[in-house]
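Novice: Make the full structure from the sequences, and use the hints.
Chains as they are written, first to last, in my numbering: chain A, 1 to 336; chain B, 1 to 336; chain C, 1 to 336; chain D, 1 to 336.
Calculated directly from the structure, the hints in this document are not laboratory data.
Watch out, some of these pointers could steer you wrong.
To be verified - Below 25 Å or equal to it, Euclidean Cα-Cα: the simulated PhoX-like pairs (lysine-lysine) are: (1) 137(A) x 273(A); (2) 137(C) x 273(C); (3) 273(B) x 137(C); (4) 91(A) x 63(A); (5) 273(C) x 137(B); (6) 137(A) x 273(D); (7) 137(D) x 273(A); (8) 63(B) x 91(B); (9) 91(D) x 63(D).
4 protein chains.
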Amino acid sequence: MTLQLGVIGTGAIGQDHIRRCSQTLLGSRVVAVTDINLEQAARVVSELGLDAEVYADGHALIKAAHVQALLVTSWGPSHEAFVLAAIAAGKPVFCEKPLAVTAEGCRRIVEAEIAHGRRLVQVGFMRPYDAGYQALKAVIDSGRIGEPLMLHCAHRNPRVGENYQTDMAITDTLIHELDVLRWLLADDYVSVQVLFPRTTRNAHARLRDPQIVLLETARGTRIDVEVFVNCQYGYDIQCEVVGESGIARLPEPSQVQLRSEATLSTAILMDWKDRFIAAYDVELQAFIDGVRAGQVGGPSAWDGFAAAVAADACIQAQQSGAIVPVSLPERPGFYA
Amino acid sequence: MTLQLGVIGTGAIGQDHIRRCSQTLLGSRVVAVTDINLEQAARVVSELGLDAEVYADGHALIKAAHVQALLVTSWGPSHEAFVLAAIAAGKPVFCEKPLAVTAEGCRRIVEAEIAHGRRLVQVGFMRPYDAGYQALKAVIDSGRIGEPLMLHCAHRNPRVGENYQTDMAITDTLIHELDVLRWLLADDYVSVQVLFPRTTRNAHARLRDPQIVLLETARGTRIDVEVFVNCQYGYDIQCEVVGESGIARLPEPSQVQLRSEATLSTAILMDWKDRFIAAYDVELQAFIDGVRAGQVGGPSAWDGFAAAVAADACIQAQQSGAIVPVSLPERPGFYA
Amino acid sequence: MTLQLGVIGTGAIGQDHIRRCSQTLLGSRVVAVTDINLEQAARVVSELGLDAEVYADGHALIKAAHVQALLVTSWGPSHEAFVLAAIAAGKPVFCEKPLAVTAEGCRRIVEAEIAHGRRLVQVGFMRPYDAGYQALKAVIDSGRIGEPLMLHCAHRNPRVGENYQTDMAITDTLIHELDVLRWLLADDYVSVQVLFPRTTRNAHARLRDPQIVLLETARGTRIDVEVFVNCQYGYDIQCEVVGESGIARLPEPSQVQLRSEATLSTAILMDWKDRFIAAYDVELQAFIDGVRAGQVGGPSAWDGFAAAVAADACIQAQQSGAIVPVSLPERPGFYA
Amino acid sequence: MTLQLGVIGTGAIGQDHIRRCSQTLLGSRVVAVTDINLEQAARVVSELGLDAEVYADGHALIKAAHVQALLVTSWGPSHEAFVLAAIAAGKPVFCEKPLAVTAEGCRRIVEAEIAHGRRLVQVGFMRPYDAGYQALKAVIDSGRIGEPLMLHCAHRNPRVGENYQTDMAITDTLIHELDVLRWLLADDYVSVQVLFPRTTRNAHARLRDPQIVLLETARGTRIDVEVFVNCQYGYDIQCEVVGESGIARLPEPSQVQLRSEATLSTAILMDWKDRFIAAYDVELQAFIDGVRAGQVGGPSAWDGFAAAVAADACIQAQQSGAIVPVSLPERPGFYA
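Specialist: Spelled out as structure tokens, the structure:
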């Protein structure tokens, strides 16, 4: 009854997921791994004491009979092919974001999954599994604040490396809001605009930081997201939902309150890993439980596609300075 | 040595200021009043037990020898003429907002004051006198959060009457932010844009509510102000300054913390009068002290003009949906 | 109509009150001063630009015909005689705490005032005039938290000088709680006990710090007050009222909220003068207004006596370690 | 390698732990159960779909060869005998509180365990496994607030049933503080005193509620714990540690912040199960991991004994009103 997993990609996130499945979550074990660097794959097997076979490549691993479900944690550009192969093999697949590096690629996965006839794909968007976002959604859905009219959000990192450029504010950072806010509101984006405030002195030469992304939804809700990845002070995720009769705000992480040195304070996290660490566990446990129950749920290939379409529009808006429409096709009944 | 004040306009705000000068503030007394409704003016004199003469009109009052300084609290469209007359008489004048109902009118006052040769006019913007905004400015000026890059603001009222229409979100509500944020940042606006989220069901037919106003300053700071005047839950003024290395937030009013009925709570004010009540006292005391010391300070005619120019651009932006430049002439050395 | 004040004692607090009456409050002016150090009294008159006569001693000043009311801000042991003299002269008197250095002295004042036939004395306990305590009392009196059962309080100073000894935790520090909590609860103390936790390394040799004072009231409410005068981190006054159905907590002073350096914080005051500065103004204005209206109110001689009786019991409890009864005579109808 | 557990007692808490081991935790499975009500034991096996044998009684279950470790979740008075039997059988045992219903019983377990030669017993005190208490301990141990001098604590329940009497404030409620505060401070109690404030109208006839328990530790730290089990408003656990240079406070549970109906609020939990739900998982996982690693840790039989000795003194203090010494023998090196 234990679910037999194959893992494609044994880099940092792959190792994290393998460790989760082996040491924290219930109901699965990793029986097969591969990586573009086979030595690393073998080392991970040995270091984590796995009883797992190392496969020469992802496609061989996908086909292996004892592999019942896949975790795709390889380099982004390789995701699409592996997910399509998993669908072709009829095996459930958990794919880290991005589902594909282009909206077109996501669309191909959507079409393959529809052709297959039932859901096999869960995309690795973890925020809908965060207890804070779930509590926020519960408040919205309860009607206590009325219909949502505006969202004020912020996604802040203390700092980023030299390789992080202006467009990555969308593809690496905002992408989480693009996913979780659709889920939170059960609504779709219809237009985007990007504003560039004065750039912080702490940004590298090829990065405009901070940015403000303005989103409009089909129901007319207006969202502003501050993306500020060199804010210095902390990893800080804010989300405030302004409804017709009240406002709900994403919980701050629970911390010891201190009175010392003329200051009343609580700590702010510095590392993004600490912020959503529990959500990663819940997300992957949901995948394992879903597969075992015959019902893959969570963020779907359609959600991955919708996020990709919105991200493309944001990139265009970064470049043009204009208000850019988001052209998402109608949602297929399959994903209703 | 007591400053002898003449008050033009004995409506609600006029009466408040007369009461302040008589019962709370030091160093002044009201010796002359007038109003378009002379009976009301006389009634105020009698009800408040003033030793004050009732004048037939504002111009007669301005000229009266025993009147040393003016409070203009009459109907907005009448302000410009009274302020110009006060300047012509060489008498200091505290003018409730708006300084004039058009930017052009404000400009005429600016020019008259410059021609006169020294400052006589203080405009009734009270927020720079609020202890919270002053504390916020002190933090910014201390450098603790680095250079300001973004401001996230909100101006919320529980509800407004039928006569409050879409443009009043600018002229009656946002006007306070237009003044205080210039002061807070020591910066000027260069462009504005207005977004209309889905309108709340609680708005009257001729009012689009809420609105989001986006301002850009000369130094590139980006400001978003949510104006939501039927938010139901409270009178709530928010201002968050995001700097290069930290974030400072306007204090919430100090309140008793309650634990009861499964809720940890503090009260939110419902009435705007309670929020800035102390600031009105400080503002008017500053005028009295300034006049007695021979140095009128505080929000100047230029500040009134700058706010009017920005408000005009906002109205245009409401109508066009476009990004509208704010064309403020260079600041005269007189107001440096 | 302006109230003519005589001030006995021109040390720090005396000068503060003189400045208040001259520069902040309405309705009074200082016409007479004296001090044990006459040169200092004269210097204060000149430095503050007062139009006031310097008297050779307090008794002469009390008798001076143009002095309508007194402020007694001299050395504590001299208070009783001056207050008694003021009563004998039939002049209202605001007396800084302590009303007298012994409960017996307070009692003599109470008796003299009763014999005089109407209230003349206001004791300088300022906390009942603090907006926070007033808001807390309003919540209690509203019934929102039910009947008060317990109070958890703290009175913390960053540090004290070498001259501050163990008993001053009662007479200089706790004395404020002894007054304000009686007022807050409209109840009297029936017993006290003092606990000595491990002493902080930051205390001087003759001071046991912190201390915990346990008070029981006539209605059975239990109060614990932590007195910690070398707490290092701030001047911090806490008061939490646990009622039958909820808990109300004294407001924290309103402060800018900061996010910086991995910390979400607000400032804590370091100087006691900042904490109750507004309350001093309100307190003294109330005295001036009360005298002008012919009705002295606020903390009465009886309140001063009750605080002194409780303080005596606390000192005894410090020494004995036992539970000590507080024997306050029945309240005379005069003070009902 | 999976740990084979036998569970004695299939009431509410027994079922919770069985569910935990079966559905949430890693590394164990329940292979044997028993209960005084054998039908219920059988029903639990069937309802939870366990592959487990039902034993006629606890002693038979303890001896069963396939049972590698025990969970004792039966009626309190039966704990001692089962734990002693487990020790006699050399099998690790997790025993819900109380370890025994008398201090003497706890002592017998301590002696049996010492005689056995290595730790087998973990007592079901879950608070040391709560993330909030762990964070609080980390702050204390970091030295950021200096040496702890005082603790102000509260343990509040919305309400209790008719069967909850005055002494249960100690044995059912305070017992958690008695354990966790020893752990937090790494210190032992030397005296206790109990105060009875005015009783709430919401208490039943045989219950004095609230109570205040005063504890003194060997190092002189003073602890006050308010126990209030009919507080109406919520299940609320407070712990504030006052150190020589600062104060640290147990985190409030993380909650959505709401602005609505003139109130800024967060929810307070009403059900104790929600407050420490994660701690129960962590506690039991620690037992499983400990046994599998050959090292039972966590709250020891000695900790259970120490809590029992302190509780006995508290009961005595409730009855006498006096300060009662806590006579804990010296800690055996075995538990160092």
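Novice: Next step is simple, just say for each hint if it's right about the structure.
Specialist: Each hint, compared with the structure:
| no. | hint | result |
| --- | --- | --- |
| 1 | 137(A) x 273(A) | 22 Å, holds |
| 2 | 137(C) x 273(C) | 22 Å, holds |
| 3 | 273(B) x 137(C) | 22 Å, holds |
| 4 | 91(A) x 63(A) | 9 Å, holds |
| 5 | 273(C) x 137(B) | 22 Å, holds |
| 6 | 137(A) x 273(D) | 22 Å, holds |
| 7 | 137(D) x 273(A) | 22 Å, holds |
| 8 | 63(B) x 91(B) | 9 Å, holds |
| 9 | 91(D) x 63(D) | 9 Å, holds |
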